[in-house]
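Chain by chain, the residues run as shown.
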Amino acid sequence: IPSSHGHGAYDPAKPCKRLVLYFHDILFHGGAEPFNATSATVANATKLGNTNFGKLIVFDDPMTRDAHLLSTPVARAQGFYFYDMKSAFNAWFAYTLVFNSTEHQGTINVMGADTISAPTRDLSVVGGTGDFFMARGIATFRTDAALGDYYFRLEMDIKLYECY
Amino acid sequence: IPSSHGHGAYDPAKPCKRLVLYFHDILFHGGAEPFNATSATVANATKLGNTNFGKLIVFDDPMTRDAHLLSTPVARAQGFYFYDMKSAFNAWFAYTLVFNSTEHQGTINVMGADTISAPTRDLSVVGGTGDFFMARGIATFRTDAALGDYYFRLEMDIKLYECY
Amino acid sequence: IPSSHGHGAYDPAKPCKRLVLYFHDILFHGGAEPFNATSATVANATKLGNTNFGKLIVFDDPMTRDAHLLSTPVARAQGFYFYDMKSAFNAWFAYTLVFNSTEHQGTINVMGADTISAPTRDLSVVGGTGDFFMARGIATFRTDAALGDYYFRLEMDIKLYECY
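Protein chains in written order, with the numbering used here: chain A, 2 to 165; chain B, 2 to 165; chain C, 2 to 165.
For the record, the hints were derived by calculation from the structure and aren't laboratory data. Mixed in with the good hints, there may be bad ones.
Pairs involving identical chains hold if they fit within one copy or between any two copies, as the list cannot separate such chains.
Stated by the list, open to error - With a cut-off of at most 20 Å between alpha-carbon atoms, the simulated DMTMM-like pairs for lysine to aspartate or glutamate come out as follows:
1) 48 - 150
2) 48 - 158
3) 48 - 26
4) 18 - 104
5) 18 - 158
6) 160 - 132
7) 15 - 67
8) 56 - 26
9) 160 - 12
10) 15 - 26
11) 160 - 67
12) 18 - 156
13) 18 - 67
14) 48 - 132
15) 56 - 104
16) 18 - 145
17) 160 - 104
18) 56 - 67
19) 56 - 132
With the rest of the complex left out, here is chain A:
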């Protein structure tokens, strides 16, 4: 039936591929760079509320298999996020996971709301290339650590339901 294509075709509990990776974001604060910054503020917060509404950050962040910042990255996350709520910290992300290793070559493209106050939140995997050709799925975020506005770490549980 065209109008209900796909109904029941996927089982959320059974992705065809799954990658659990950690995203490390170290925000640049100007001057010297003691923390080896991986992201920078491109537009400052507006005066709407006091929870960074409109603050826009571009990042090129390492992705690791465990929670250790200094583990060898298995991918880079390249993209941006911005804060978008005037009464609480809430963000929106769009980015590409770039894999360039013997294990994986290719990219995974993600976008969606990071409703920070929720224990976990789901974003959409909207496409992929190379080893992840035409992938679609869900990226589940969980905040794993946060140190003021200097560093935060997200667990990203990437579940693909279309694999080719």
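Once you have looked at the hints, place chains B and C on chain A.
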């Protein structure tokens, strides 16, 4: 036939799910906030032309079932738009509809051009989560009201063709 | 099998539709506009590194069938890119190809990393409308020309694997 996958699989007139909602954008103008602003300018217009080229707005806008601004929102639209034409008002949007009610839990992710001069314009629903798990479809915009750069209202006719 | 939906369904060498187009980006530098600028800087580069990290550009660029800037455009590319690496030039794009001619009516939505140092790089076609209703696929970028930060030209090889 792999090279023509899906040919004819969907009938544009028969979405598997449809939501017609109104998007209310109230732009912050600094100082006090008499209009209960829901969006703010993150980067000002450039000097290329005089139709706001490059002006970037982040929003957290209420979505209602009817055209009344004060109706109870059924979702939030969180994302951004910017103007991108030097001879006319034309915009580009990427955002997430966030549903958090007894009726719907989940998100719908949208991106595309808002060619404002057209009576209606189609953007892509590129993914979904929760109740809208793995959704794809079309979001048709129609300008329903505009009051200078203080307020505008769009009808968003969300038609999903992949429902799971 | 739900968990491996689509495995082997597409042959990367056999798109159901293919468009090879040239993207021309002429960056506005203020003042008079001798080069008929089609893009403008919305946020300047940050001080993280010296390869334009964070520089954000909005564009409304002509797309032509051959490499000549002055050929009649067959579409407009409307969207943005930003630089996102502190040690090399690397970018990230999201945009819509807007077709409005007797040949094609509709849009194609694209996002992904433009890892400039690679000879070619793949981004995701995440959706389409009109003649490209519900399209998905790959957009392969190749730099065809670059003149400082005044002009660059990309070949975009758009391969759709879902056509309806």
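Status of each hint after checking the structure:
no. : hint      : verdict
1   : 48 - 150  : both (18 Å within a copy, 18 Å between copies)
2   : 48 - 158  : neither (34 Å within a copy, 32 Å between copies)
3   : 48 - 26   : between (24 Å within a copy, 17 Å between copies)
4   : 18 - 104  : within (14 Å within a copy, 31 Å between copies)
5   : 18 - 158  : within (11 Å within a copy, 28 Å between copies)
6   : 160 - 132 : both (14 Å within a copy, 17 Å between copies)
7   : 15 - 67   : neither (22 Å within a copy, 38 Å between copies)
8   : 56 - 26   : both (15 Å within a copy, 18 Å between copies)
9   : 160 - 12  : within (11 Å within a copy, 22 Å between copies)
10  : 15 - 26   : neither (29 Å within a copy, 39 Å between copies)
11  : 160 - 67  : within (17 Å within a copy, 36 Å between copies)
12  : 18 - 156  : within (17 Å within a copy, 32 Å between copies)
13  : 18 - 67   : within (18 Å within a copy, 39 Å between copies)
14  : 48 - 132  : neither (44 Å within a copy, 34 Å between copies)
15  : 56 - 104  : neither (35 Å within a copy, 32 Å between copies)
16  : 18 - 145  : neither (22 Å within a copy, 35 Å between copies)
17  : 160 - 104 : within (18 Å within a copy, 25 Å between copies)
18  : 56 - 67   : neither (29 Å within a copy, 31 Å between copies)
19  : 56 - 132  : neither (34 Å within a copy, 30 Å between copies)
Consistency note: the structure conflicts with the earlier hints numbered 2, 7, 10, 14, 15, 16, 18 and 19.
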